[in-house]
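Visitor: Chain by chain, the residues run as shown.
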Amino acid sequence: MPDYKAPMRDMRFLVDEVFDFHTSYAALGATDASPDMVSAILEEGAKFCEQVLAPINRSGDEQECQFDNGVVTTPEGFKEAFALYVEGGWNGLAADPAYGGQGLPHSLGLMISEMVGASNTSWGMYPGLTHGAMSAIHAHGSEAQKQTYLTKLTEGTWTGTMCLTEAHCGTDLGIIKTRAVPQADGSYSLTGSKIFISAGEHDMSQNIVHLVLAKLPDAPAGTKGISLFIVPKFLPDPATGEAGERNGVSCGSIEHKMGIKASATCVINFDGARGFLIGELNKGLNCMFTMMNHARLGTGMQGLCLGEASFQGAIKYANERLQMRSLTGPKAPEKAADPIIVHPDVRRMLLTMKAFNQGNRALAYFTAQLLDQAHRADSAEAREEAENLLALLTPICKAFMTETGLEVTNHGMQVFGGHGFIREWGMEQLVRDCRIAPIYEGTNGIQALDLLGRKVLGSQGKLLRGFTRIVHKFCEAQAANPQFSTYVSQLSGLNKQWGELTQQIGMAAMKNPDEVGAASMDYLMFSGYVILAYLWLRMALVASDKLAAGSGDAEFYQAKLATCEFYFKRLLPRTATHLAAAQAGSDCMMSMSAESLAF
Amino acid sequence: MADYKAPLRDMRFVLNEVFEVSKLWAQLPALAEVVDEETANAILEEAGKVTAGIIAPLNRSGDEEGCSWSNGAVKTPDGFPQAYKTYAEGGWVGVGGDAMFGGMGMPKVISAQVEEMVNSANLSFGLYPMLTAGACLSINAHASEELKEKYLPNMYAGTWAGSMCLTEPHAGTDLGIIRTKAEPQADGSYKVSGTKIFITGGEHDLTENIIHLVLAKLPDAPAGPKGISLFLVPKFMVNADGSLGEANSLSCGSIEHKMGIKASATCVMNFDGATGYIIDAPNRGLAAMFTMMNYERLGVGIQGLSTGERSYQSAIEYARERIQSRAPTGPVATDKAADPIIVHPDVRRMLLTMKSLNEGGRAFSSYVAMQLDTAKFSEDPATRKRAEELVALLTPVAKAFLTDVGLETTIHGQQIFGGHGFIREWGQEQLVRDCRITQIYEGTNGIQALDLVGRKVIGSGGAFYKHFADEIKAFTDSADSSLSEFVEPLKGAISILEQMTADLLERAKSNPNEIGAASVEYLHAFGYTAYAYMWALMARTALAKQGEDDFYASKLGTARFYFARILPRIHSLSASVKAGSESLYLLDAAQF
Numbered sequence: 001m002p003d004y005k006a007p008m009r010d011m012r013f014l015v016d017e018v019f020d021f022h023t024s025y026a027a028l029g030a031t032d033a034s035p036d037m038v039s040a041i042l043e044e045g046a047k048f049c050e051q052v053l054a055p056i057n058r059s060g061d062e063q064e065c066q067f068d069n070g071v072v073t074t075p076e077g078f079k080e081a082f083a084l085y086v087e088g089g090w091n092g093l094a095a096d097p098a099y100g101g102q103g104l105p106h107s108l109g110l111m112i113s114e115m116v117g118a119s120n121t122s123w124g125m126y127p128g129l130t131h132g133a134m135s136a137i138h139a140h141g142s143e144a145q146k147q148t149y150l151t152k153l154t155e156g157t158w159t160g161t162m163c164l165t166e167a168h169c170g171t172d173l174g175i176i177k178t179r180a181v182p183q184a185d186g187s188y189s190l191t192g193s194k195i196f197i198s199a200g201e202h203d204m205s206q207n208i209v210h211l212v213l214a215k216l217p218d219a220p221a222g223t224k225g226i227s228l229f230i231v232p233k234f235l236p237d238p239a240t241g242e243a244g245e246r247n248g249v250s251c252g253s254i255e256h257k258m259g260i261k262a263s264a265t266c267v268i269n270f271d272g273a274r275g276f277l278i279g280e281l282n283k284g285l286n287c288m289f290t291m292m293n294h295a296r297l298g299t300g301m302q303g304l305c306l307g308e309a310s311f312q313g314a315i316k317y318a319n320e321r322l323q324m325r326s327l328t329g330p331k332a333p334e335k336a337a338d339p340i341i342v343h344p345d346v347r348r349m350l351l352t353m354k355a356f357n358q359g360n361r362a363l364a365y366f367t368a369q370l371l372d373q374a375h376r377a378d379s380a381e382a383r384e385e386a387e388n389l390l391a392l393l394t395p396i397c398k399a400f401m402t403e404t405g406l407e408v409t410n411h412g413m414q415v416f417g418g419h420g421f422i423r424e425w426g427m428e429q430l431v432r433d434c435r436i437a438p439i440y441e442g443t444n445g446i447q448a449l450d451l452l453g454r455k456v457l458g459s460q461g462k463l464l465r466g467f468t469r470i471v472h473k474f475c476e477a478q479a480a481n482p483q484f485s486t487y488v489s490q491l492s493g494l495n496k497q498w499g500e501l502t503q504q505i506g507m508a509a510m511k512n513p514d515e516v517g518a519a520s521m522d523y524l525m526f527s528g529y530v531i532l533a534y535l536w537l538r539m540a541l542v543a544s545d546k547l548a549a550g551s552g553d554a555e556f557y558q559a560k561l562a563t564c565e566f567y568f569k570r571l572l573p574r575t576a577t578h579l580a581a582a583q584a585g586s587d588c589m590m591s592m593s594a595e596s597l598a599f
Numbered sequence: 001m002a003d004y005k006a007p008l009r010d011m012r013f014v015l016n017e018v019f020e021v022s023k024l025w026a027q028l029p030a031l032a033e034v035v036d037e038e039t040a041n042a043i044l045e046e047a048g049k050v051t052a053g054i055i056a057p058l059n060r061s062g063d064e065e066g067c068s069w070s071n072g073a074v075k076t077p078d079g080f081p082q083a084y085k086t087y088a089e090g091g092w093v094g095v096g097g098d099a100m101f102g103g104m105g106m107p108k109v110i111s112a113q114v115e116e117m118v119n120s121a122n123l124s125f126g127l128y129p130m131l132t133a134g135a136c137l138s139i140n141a142h143a144s145e146e147l148k149e150k151y152l153p154n155m156y157a158g159t160w161a162g163s164m165c166l167t168e169p170h171a172g173t174d175l176g177i178i179r180t181k182a183e184p185q186a187d188g189s190y191k192v193s194g195t196k197i198f199i200t201g202g203e204h205d206l207t208e209n210i211i212h213l214v215l216a217k218l219p220d221a222p223a224g225p226k227g228i229s230l231f232l233v234p235k236f237m238v239n240a241d242g243s244l245g246e247a248n249s250l251s252c253g254s255i256e257h258k259m260g261i262k263a264s265a266t267c268v269m270n271f272d273g274a275t276g277y278i279i280d281a282p283n284r285g286l287a288a289m290f291t292m293m294n295y296e297r298l299g300v301g302i303q304g305l306s307t308g309e310r311s312y313q314s315a316i317e318y319a320r321e322r323i324q325s326r327a328p329t330g331p332v333a334t335d336k337a338a339d340p341i342i343v344h345p346d347v348r349r350m351l352l353t354m355k356s357l358n359e360g361g362r363a364f365s366s367y368v369a370m371q372l373d374t375a376k377f378s379e380d381p382a383t384r385k386r387a388e389e390l391v392a393l394l395t396p397v398a399k400a401f402l403t404d405v406g407l408e409t410t411i412h413g414q415q416i417f418g419g420h421g422f423i424r425e426w427g428q429e430q431l432v433r434d435c436r437i438t439q440i441y442e443g444t445n446g447i448q449a450l451d452l453v454g455r456k457v458i459g460s461g462g463a464f465y466k467h468f469a470d471e472i473k474a475f476t477d478s479a480d481s482s483l484s485e486f487v488e489p490l491k492g493a494i495s496i497l498e499q500m501t502a503d504l505l506e507r508a509k510s511n512p513n514e515i516g517a518a519s520v521e522y523l524h525a526f527g528y529t530a531y532a533y534m535w536a537l538m539a540r541t542a543l544a545k546q547g548e549d550d551f552y553a554s555k556l557g558t559a560r561f562y563f564a565r566i567l568p569r570i571h572s573l574s575a576s577v578k579a580g581s582e583s584l585y586l587l588d589a590a591q592f
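From first to last, the protein sequence lines are chains A and B.
Note that the numbering used here numbers the first sequence so that position 572 is 572, with each residue one more than the last.
Note that the numbering used here numbers the second sequence so that position 546 is 546, with each residue one more than the last.
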């Protein structure tokens with residue numbers, strides 16, 4: 001297994017130099033997040049991830065979670081690591097101080113979760129789900145619910161889950177069957193079975209707080225009849241507030257999966273369990289959507305996390321593994337062969353990995369900064385601007401970063417040759433762990449529909465223009481920059497094509513709604529490549545300025561420029577394919593009958 | 001996971017209707033004797049039965065159980081030994097084997113279909129007969145008559161298995177630096193010593209004996225790949241009367257724990273002064289290996305197709321049964337709570353991508369197999385030479401392209417299942433894990449791409465490439481105007497490939513790194529163009545018969561999808577290749 005080292009230099013580059021988080025933290029009143037504080041937190045977080053989480057990643061995969069008679073045991077070291085995490089205050093880092101959190105910006109929380117996910121994705125699921133439950137309760141719970149649950153969740157003595165999926169419905173939540181029957185005391189009695197519940201049962205906390213989607217007996221059909229409930233594993237003792245009587249909730253089994261094997265994926269049965277409505281009746285999906293942007297960005301980052309871990313393994317191996325001579329003559333004549341990093345095709349894989357990882361990190365941090373703005377900006381206008389951009393970027397972050405993350409982990413494995421396929425080396429685990437990211441939290445196909453259907457066309461193009469305008473202004477400002485003129489004009493052309501493509505699909509979709517789904521995935525990928533091009537250019541500009549100023553660290557900045565060049569020359573051309581496919585229309589996929597497809 | 005069903009209808013379409021393969025057989029006397037359309041159909045039908053009925057049911061359980069190692073012995077999963085016996089008794093291990101030594105003598109284009117079926121049914125299982133068949137090819141082409149008579153009949157019969165021992169811990173791609181030694185003995189045999197890793201089928205409980213073909217160096221061998229010899233090293237010595245004697249000095253040190261193909265034993269093999277017999281002349285080992293390489297590499301390519309086909313069969317069934325959300329154009333299954341997901345365009349995009357790549361791959365691998373048969377059996381030297389050169393050109397494409405798109409296909413097949421695709425029980429994730437090795441072994445796909453561009457295209461000064469391009473151009477020139485919707489984009493593709501080839505030939509003159517910088521994308525552009533040719537050929541046949549049954553309408557629809565949605569990938573590939581090697585060498589190793 002590759003040792004994980006937090007990519008501090010690149011994180012600092014984005015935080016300090018490209019996006020200047022310090023100025024935005026100050027402007028948003030996040031005075032606790034001083035530059036020194038941010039730096040100290042990142043360093044401490046890195047230590048925790050490198051020293052505590054990374055060493056139990058491979059063993060966690062081998063041991064998996066164990067289920068016995070309703071009880072789930074996590075792999076060795078998981079419980080202890082969680083206790084350390086809680087003790088270190090990491091769980092409440094970005095949580096509301098009113099309920100015991102530290103009130104630091106969400107973006108900082110996401111940087112920590114990048115390191116957590118890269119060192120141990122399975123482990124990261126437990127705090128990750130807890131954070132999701134926290135934000136839903138924070139946004140929609142009553143004050144009493146916040147005092148009872150949010151405080152414990154923030155502290156980390158209790159953990160959370162999100163119970164949405166049932167055996168017959170995942171994407172289509174309108175048809176769920178779990179029932180909530182109102183009780184005389186104002187509570188509800190919940191009955192039903194939920195599947196694929198991450199962290200639904202485990203041995204890491206004193207209590208587990210399930211957020212459950214269910215329908216009242218008289219609820220309207222479809223998505224408008226869904227309500228959200230808090231259903232704790234142990235009912236809080238009214239006197240002490242601690243976990244008390246056992247509720248009618250049990251774990252029926254855990255799934256045997258391709259990856260994230262140390263994350264307990266549970267069947268959770270509710271058998272007349274006591275639940276408490278959160279938010280308004282029949283508004284359950286809305287409550288869920290509050291936390292969706294955050295959760296989807298987090299899932300997108302898993303692509304980055306696993307890609308980063310894979311790159312760290314691959315680059316080390318490529319420098320050490322000796323095999324064949326360079327085609328331009330021996331580079332390590334004293335050895336039996338050259339290190340494989342001399343071979344162009346190995347470099348192509350490494351640079352593809354590097355360009356996606358660093359581009360995706362820039363995208364994640366750019367989006368995280370908007371998340372701060374949406375949460376904290378004083379002016380409603382600034383908040384709305386951020387929310388609109390987030391609405392556009394969230395499905396792209398989720399799907400593009402996980403698609404490219406899977407590609408990256410596959411390259412990392414390929415660099416290892418046959419050894420990549422052997423579990424011992426750890427590279428194949430990263431592929432398996434990454435493979436869930438394009439699926440859960442809304443499949444990437446669903447993200448693409450969300451982007452093109454709901455966000456872009458649903459706003460008559462307004463949300464898209466909010467971003468293309470930024471790119472347009474950037475290109476105008478850089479038009480005269482001789483060093484980057486080729487790239488600027490490439491980006492500017494793609495930005496224009498993006499709008500044109502949107503119009504074409506919009507026109508076609510007015511006649512035939514199938515045109516949206518026919519184009520959506522390629523549209524999303526096209527969008528992702530253009531956004532990364534914009535972000536790579538921004539990074540390159542900073543690197544070039546730093547080099548010109550001679551402020552040291554020249555190697556790092558040169559590497560940025562070189563990776564940017566690689567991105568523009570070798571990866572950005574993929575837009576041509578996605579453009580052509582998105583323009584191809586729905587006829588060629590919709591005209592065949594289901595029987596005909598089955599031949 | 002859906003029950004496996006051999007895609008016999010499509011195989012017959014490709015062989016009998018598109019390529020009219022019996023016409024080729026009629027021209028090749030060695031094949032005319034043993035095979036015609038009727039025989040071929042019967043063989044495929046039988047193979048479909050045994051693979052679907054006996055071997056496919058062991059696929060999931062084999063993955064869960066894996067192979068286990070204890071004290072040098074390897075136990076395959078439950079049911080494997082019995083199934084192997086049935087498979088061997090049906091003659092399937094020797095289906096492509098030399099009839100002189102008890103093989104069935106079938107052309108590669110037939111054994112390729114059998115390979116597709118067995119590997120779809122159970123890739124882990126399929127590797128055991130495949131390695132045996134590969135070892136037989138080398139023995140038959142390069143060993144003495146004595147060795148052939150002694151070993152081939154039992155290997156073809158499946159009572160003995162084979163393995164290929166190439167890789168060592170420090171040497172995989174770079175075989176020139178292997179350390180295994182072979183010391184000549186007074187009786188003409190050799191004592192072989194060394195450690196080999198990643199030996200598929202190196203040890204197991206399926207057969208009475210295992211015949212290892214081992215690459216090793218003689219004490220006085222020249223350095224590098226020119227000093228490698230090939231040895232036949234049996235697990236049990238074979239007596240003069242053919243009975244098994246004492247155990248040879250070799251052992252299985254351990255087996256690997258892998259991402260996939262868990263029921264295939266991947267062994268560390270230790271040779272400790274084991275008795276071996278040289279195959280071919282000293283220092284001719286790599287050449288002897290390369291004889292079977294083209295066959296094996298096509299076979300590995302077919303594994304990509306096999307897993308993709310299996311994944312599709314389950315995905316199409318699931319997409320028709322799973323109900324979730326309503327169609328964008330209004331409810332389709334109004335009696336149900338939601339519509340089957342096959343109504344959703346994005347699900348169809350994935351299904352059609354799978355289908356068009358699978359069926360394109362089946363046609364292309366069959367086409368390459370026909371070239372192999374022509375190269376081996378034609379009596380006309382010019383025909384043979386052209387076929388050999390086409391084989392040389394197309395083999396790396398078949399190996400790498402079919403496995404690369406095979407991985408894409410299995411990933412789509414998993415995605416269609418949503419969360420269930422990630423759960424082992426449903427079987428879709430196993431296909432991804434199993435398929436993943438095919439891009440790595442038998443020469444990584446990066447190595448295949450270098451072979452294609454460096455050795456084949458540039459090495460022949462473009463001559464091999466020209467055979468293939470000329471054939472396509474002859475087709476497009478003579479095609480009827482009713483085919484223009486397929487022929488025009490095919491012409492576009494071939495002209496892009498033409499330009500890429502010309503550029504590469506030119507640029508490689510000044511900088512050898514240009515080859516490796518372009519190779520993978522070039523190979524992919526080549527693959528998409530080759531599939532476009534296949535799809536145009538299939539569309540031609542289907543167009544003529546579209547009134548006959550829905551099968552042909554399905555072909556045409558899939559062809560249209562391929563040209564509209566998949567072929568455009570070549571634009572990005574050619575743009576990327578144009579960028580050259582420069583952006584790969586801006587960084588020092590330390591700057592990564």
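Where hints are given, some of them may not hold.
Stated by the list, open to error - Pairs of lysine to aspartate or glutamate, EDC-like flavour, derived with a Cα cap of 20 Å:
1) Lys578/B <-> Glu471/B
2) Lys177/A <-> Asp335/B
3) Lys569/A <-> Asp588/B
4) Lys316/A <-> Asp588/B
5) Lys335/A <-> Glu498/B
6) Lys331/A <-> Glu582/B
7) Lys191/B <-> Asp272/B
8) Lys545/B <-> Glu595/A
9) Lys545/B <-> Glu17/B
10) Lys462/A <-> Glu384/A
11) Lys23/B <-> Asp36/B
Stated by the list, open to error - With beta-carbon atoms standing in for the labels, derived distance ranges:
12) Glu64/B <-> His168/A: 22 to 28 Å
13) Ala544/B <-> Lys511/A: 30 to 36 Å
14) Ala477/A <-> Ala502/B: 37 to 43 Å
Please keep in mind that the hints were generated in silico from the structure rather than gathered at the bench.
All residues carry an ideal CB built from backbone N, CA and C; glycine is no exception.
Visitor: For each hint, tell me whether it holds in the structure or not.
Guide: We went through each hint and held it up to the structure:
1. A C-alpha spacing of about 25 Å is found between Lys578/B and Glu471/B, which places the hinted pair above 20 Å, so the restraint is violated.
2. Simply put, Lys177/A and Asp335/B have alpha-carbon atoms about 18 Å apart, close enough for the 20 Å limit, and the pair holds.
3. The hinted pair formed by Lys569/A and Asp588/B meets the criterion: a straight-line CA distance of about 19 Å does not exceed 20 Å.
4. With a C-alpha separation of about 14 Å, the suggested pair Lys316/A and Asp588/B falls inside the 20 Å cut-off, and the hint holds.
5. Only pairs whose Cα atoms come within 20 Å are accepted, and Lys335/A paired with Glu498/B is rejected, the gap being roughly 40 Å.
6. Between the alpha carbons of Lys331/A and Glu582/B the distance comes to roughly 18 Å, so the proposed pair stays at or under 20 Å and holds.
7. Distance hint between Lys191/B and Asp272/B is fulfilled; the C-alpha atoms sit about 8 Å from each other, no more than 20 Å.
8. Simply put, Lys545/B and Glu595/A have alpha-carbon atoms about 18 Å apart, close enough for the 20 Å limit, and the pair holds.
9. A threshold of 20 Å between alpha carbons decides the hint, and for Lys545/B with Glu17/B the separation of about 10 Å falls inside it, so the pair holds.
10. The straight-line distance between the Cα atoms of Lys462/A and Glu384/A is roughly 13 Å, inside the 20 Å bound, and the hint therefore holds.
11. For the hint linking Lys23/B to Asp36/B, the alpha-carbon distance of about 9 Å falls within 20 Å, and the restraint holds.
12. Separated by about 26 Å at the C-beta atoms, Glu64/B and His168/A satisfy the suggested range of 22 to 28 Å.
13. Here the CB-CB span from Ala544/B to Lys511/A is close to 33 Å, well matched to the stated 30 to 36 Å.
14. Checking the proposed 37 to 43 Å range against Ala477/A and Ala502/B shows it holds: the Cβ atoms sit about 40 Å from each other.
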